[in-house]
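Participant: Sequence:
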Amino acid sequence: MNPADTTTDKARGQISIRNVSKIYDPDGAKVLAVDNCSMEIAAGEFCVV
1 MNPADTTTDK ARGQISIRNV SKIYDPDGAK VLAVDNCSME IAAGEFCVV
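Counting in full-length UniProt numbering, the sequence shown runs without a single skipped number right up to 49 at its last residue.
Derived from the structure by calculation, the hints contain no laboratory data. Fair warning: this is a prediction, and the values are worked out from it, not measured in the lab. Beta carbons: idealized from backbone N, C-alpha and C, even for Gly. There may be inaccurate statements among the hints.
Simulated restraints, written as ranges between beta carbons of each label pair [claimed, not checked]:
no., residue 1, residue 2, range
1, V48, Y24, 14 to 24 Å
2, G44, Y24, 28 to 38 Å
3, E45, D25, 26 to 36 Å
4, L32, R12, 29 to 39 Å
5, G44, I23, 30 to 40 Å
6, C47, D27, 27 to 37 Å
7, R12, D35, 30 to 40 Å
8, A43, I23, 23 to 33 Å
9, A43, R18, 15 to 25 Å
10, D35, I15, 15 to 25 Å
11, S21, V48, 12 to 22 Å
Let the hints inform the model, and build the full structure from the sequences given.
Facilitator: Below, the structure written as structure tokens:
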């Protein structure tokens, strides 16, 4: 197969989060793990958190 003969579909989709917070409560002690986090991941982008 000739690479010039192949096509790829463009990525579709997007992820957006706004003002996310997460508090863990292990053994009654509150731990703020994430505070007011916002981010956008555009179509075709790769993200690891």
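Participant: Which of the listed hints are not met by the structure?
Facilitator: Violated hints: none; all satisfied.
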